[in-house]
Amino acid sequence: MITRELSESKESDAKYRGLLEAAPDAMVVVNQGGEIVLLNVQAEKQFGYRRDELVGQKVKNIIPEGFAERLIADGTRSAAEALAQHIGTGLELIGRRKDGGEFPIEIMLSPLESTEGVLVTAAIRNISVRKAAERHLAQMEGRYRGLLEAAPDAMVVVNQAGEIVLLNVQAEKQFGYRRDELVGQKVKNIIPEGFAERLIADALRSAEDALAQQIGTGIELTGRRKDGSGFPIEIMLSPLESAEGVLVTAAIRNITKRKKAEANLLQKVEELNRSNEELEQFAYIASHDLQEPLRMVASYTQLLSRRYKGQLDSDADEFIAFAVDGASRMQRLIQDLLAYSRTGTNAKHLFETSSEEALQQALVNLRGAIEESHAVVTHDPLPTVLADEMQLVQLFQNLVGNAVKYQNPGIPRIHISAARNGGNKWIFSIKDNGLGIDSQYFDRIFGMFQRLHKREEFAGTGVGLAICKKIVERHGGSISVESQPGHGSTFHFALEGSERES
Amino acid sequence: MKAIEADGRPIEVLLVEDSIGDVRLTKEAFRAANASIHLHVASDGIEAIAFLKREGVHIHAPRPDLILLDLDLPNMGGREVLAYIKKDDTLRTIPTAILSISEAESDIAKSYQLQANCYLIKPAHWDAFASLGKSINDFWLTKVKLPQKSQSP
Numbered sequence: 001m002i003t004r005e006l007s008e009s010k011e012s013d014a015k016y017r018g019l020l021e022a023a024p025d026a027m028v029v030v031n032q033g034g035e036i037v038l039l040n041v042q043a044e045k046q047f048g049y050r051r052d053e054l055v056g057q058k059v060k061n062i063i064p065e066g067f068a069e070r071l072i073a074d075g076t077r078s079a080a081e082a083l084a085q086h087i088g089t090g091l092e093l094i095g096r097r098k099d100g101g102e103f104p105i106e107i108m109l110s111p112l113e114s115t116e117g118v119l120v121t122a123a124i125r126n127i128s129v130r131k132a133a134e135r136h137l138a139q140m141e142g143r144y145r146g147l148l149e150a151a152p153d154a155m156v157v158v159n160q161a162g163e164i165v166l167l168n169v170q171a172e173k174q175f176g177y178r179r180d181e182l183v184g185q186k187v188k189n190i191i192p193e194g195f196a197e198r199l200i201a202d203a204l205r206s207a208e209d210a211l212a213q214q215i216g217t218g219i220e221l222t223g224r225r226k227d228g229s230g231f232p233i234e235i236m237l238s239p240l241e242s243a244e245g246v247l248v249t250a251a252i253r254n255i256t257k258r259k260k261a262e263a264n265l266l267q268k269v270e271e272l273n274r275s276n277e278e279l280e281q282f283a284y285i286a287s288h289d290l291q292e293p294l295r296m297v298a299s300y301t302q303l304l305s306r307r308y309k310g311q312l313d314s315d316a317d318e319f320i321a322f323a324v325d326g327a328s329r330m331q332r333l334i335q336d337l338l339a340y341s342r343t344g345t346n347a348k349h350l351f352e353t354s355s356e357e358a359l360q361q362a363l364v365n366l367r368g369a370i371e372e373s374h375a376v377v378t379h380d381p382l383p384t385v386l387a388d389e390m391q392l393v394q395l396f397q398n399l400v401g402n403a404v405k406y407q408n409p410g411i412p413r414i415h416i417s418a419a420r421n422g423g424n425k426w427i428f429s430i431k432d433n434g435l436g437i438d439s440q441y442f443d444r445i446f447g448m449f450q451r452l453h454k455r456e457e458f459a460g461t462g463v464g465l466a467i468c469k470k471i472v473e474r475h476g477g478s479i480s481v482e483s484q485p486g487h488g489s490t491f492h493f494a495l496e497g498s499e500r501e502s
Numbered sequence: 001m002k003a004i005e006a007d008g009r010p011i012e013v014l015l016v017e018d019s020i021g022d023v024r025l026t027k028e029a030f031r032a033a034n035a036s037i038h039l040h041v042a043s044d045g046i047e048a049i050a051f052l053k054r055e056g057v058h059i060h061a062p063r064p065d066l067i068l069l070d071l072d073l074p075n076m077g078g079r080e081v082l083a084y085i086k087k088d089d090t091l092r093t094i095p096t097a098i099l100s101i102s103e104a105e106s107d108i109a110k111s112y113q114l115q116a117n118c119y120l121i122k123p124a125h126w127d128a129f130a131s132l133g134k135s136i137n138d139f140w141l142t143k144v145k146l147p148q149k150s151q152s153p
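Residue numbers (this note's numbering), protein chains in the order written: chain A, 1 to 502; chain B, 1 to 153.
These are computed hints drawn from the structure, not numbers from a lab. Keep in mind that the hints are not guaranteed to be accurate.
[Stated by the list, open to error] Keeping only pairs whose Cα atoms sit at most 25 angstroms apart, straight-line, the calculated SDA-like set for lysine to any residue is: (1) A:309 to B:43; (2) A:309 to B:107; (3) A:309 to B:125; (4) A:309 to B:147; (5) B:134 to B:19; (6) A:309 to B:106.
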């Protein structure tokens with residue numbers, strides 16, 4: 001009947017059919033009985049039927065649910081009402097192909113007045129691709145959310161307007177808010193300064209620029225809890241492309257503990273520096289002030305011994321001799337202690353210094369000892385180094401002095417050389433044929449007041465090598481010894497070379 | 001020493017020193033070097049100035065041939081005493097030797113800037129002290145030709 005009536009107005013039918021075929025979507029025209037009266041080639045393709053297999057069939061066969069019910073409901077309303085309600089509103093339903101396969105569709109309905117009453121034209125779009133994309137997005141979001149929650153730090157995702165769009169449980173805890181209290185709120189509420197401003201700056205740049213700049217750079221700001229209390233935070237920003245534009249993910253770390261630890265460390269370092277300074281000051285003042293009374297003891301015991309030697313009994317002479325010896329030994333100790341503490345307190349003046357000239361000066365200072373022992377001191381050409389000249393002379397003097405002093409009977413032979421260590425450092429070596437040192441003492445000999453021999457064998461205060469160590473360390477180098485008892489010793493120390501080739 | 005003794009007067013030395021131990025050591029050292037030296041002692045800067053200006057109990061004080069001045073003094077430091085002496089028209093011709101424990105370059109330089117005539121380090125042993133006393137006597141009080149006291153205002 002419908003077919004017949006439609007054919008009565010063949011001209012309009014042909015026009016409508018043309019429109020139908022030109023549509024990019026599958027189009028199906030259905031009557032109030034839910035029967036298909038017209039369809040286009042896209043509809044054939046989409047549902048896998050030939051046209052004649054569908055015309056006159058129930059639309060339920062290809063759209064099992066949601067469409068026919070709506071037609072009935074719509075039948076009770078005027079075409080105008082139905083039109084007004086449905087225009088532009090896509091319905092998401094399921095389409096079923098001839099082979100039974102189903103696929104997601106979106107249909108748009110529009111009423112079509114006809115002689116048989118109101119027909120409904122349905123534009124049917126296969127939305128399986130879009131659905132898959134949406135599913136993928138949802139999945140990604142789910143994953144992102146999972147990642148967010150798994151993060152050890154508080155995480156907040158903020159849009160360009162500075163509003164919080166997503167956050168994790170750590171963020172809730174850290175800031176003392178429930179999630180729903182924060183979503184949609186301005187991020188300024190929890191990070192009053194420095195963050196929102198940065199977002200605006202970031203908006204002017206591409207996501208890549210922003211990413212490149214922000215990755216790995218922590219910004220230290222202040223976070224504010226719901227109760228108003230502040231705490232130090234470090235935030236790391238990374239841009240996140242999304243359908244709503246570039247969002248910014250902020251990882252927010254509470255650095256209260258770290259800040260405390262840093263402050264603590266700083267304080268400790270300051271205390272240490274202060275106590276070091278005080279100690280050096282103390283050593284200097286103590287040794288300086290101790291010299292005065294000691295000078296009296298030394299001078300008067302000596303005066304006693306000079307004036308009254310042989311006038312008292314032999315015991316008295318001996319006692320006085322011990323006192324004189326003790327006093328002068330203590331004077332040497334204090335002198336060396338002073339020299340040691342001066343090595344540390346004087347300002348550093350490192351200049352290009354000829355180490356050969358420094359050695360020559362040291363040998364001049366040691367002339368007496370060298371002549372007395374008939375020592376033979378030789379050396380290779382020595383380089384120009386960055387050094388405090390006075391201290392370098394002292395260093396050579398102490399090391400060569402020791403080599404001359406700690407000897408078997410025989411002629412001391414001492415050789416000084418220097419070699420580059422690959423970089424710009426020079427390793428100096430002072431080699432002797434003296435007594436040698438047991439390896440168990442290698443560290444100890446560089447300590448303060450450390451002596452390996454009885455005073456009757458070798459005089460000395462045990463400060464010389466401690467001064468050497470301090471001098472070398474103040475020059476940024478290190479000192480060590482190689483030795484075997486009976487086979488001489490070689491002392492090595494490293495100094496920075498000068499820029500200029502020597 | 002004979003140069004000064006020629007007019008029959010003893011040699012007058014003013015020691016400005018607060019440490020009695022050092023005072024005695026100096027006395028002993030001079031006694032060993034030249035028994036005719038009169039050693040006068042001022043135990044601080046203020047007393048030294050009073051002695052030199054013949055004030056109060058020092059009204060009969062002789063004008064010294066040499067001043068030995070310690071730097072580390074109570075009340076008025078050695079540097080101030082030195083500055084005072086060298087600014088004073090009548091006193092500045094008196095040779096003034098600094099005798100100090102300090103080996104600090106700054107102390108030495110400052111003393112010469114203030115016109116000290118020489119700077120001596122206090123020896124740490126008696127032998128060295130005795131030898132220094134002898135050196136002072138042999139040089140400042142014997143070899144050196146000092147201005148005639150009568151010509152001083």
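Verification of the supplied hints:
For the proposed pair residue 309 of chain A and residue 43 of chain B, the alpha carbon gap of about 32 angstroms is over 25 angstroms, so the pair is violated. For the hint linking residue 309 of chain A to residue 107 of chain B, the alpha-carbon distance of about 38 angstroms lies beyond 25 angstroms, and the restraint is violated. Taking the CA atoms of residue 309 of chain A and residue 125 of chain B, the gap is near 17 angstroms; set against the 25 angstroms cutoff, the hint holds. Pair hint residue 309 of chain A plus residue 147 of chain B does not hold up; C-alpha atoms about 42 angstroms apart against a cutoff of 25 angstroms.
Simply put, residue 134 of chain B and residue 19 of chain B have alpha-carbon atoms about 21 angstroms apart, close enough for the 25 angstroms limit, and the pair holds. For the hint pairing residue 309 of chain A with residue 106 of chain B, the CA-to-CA distance comes to about 41 angstroms; that exceeds 25 angstroms, so the pair is violated.
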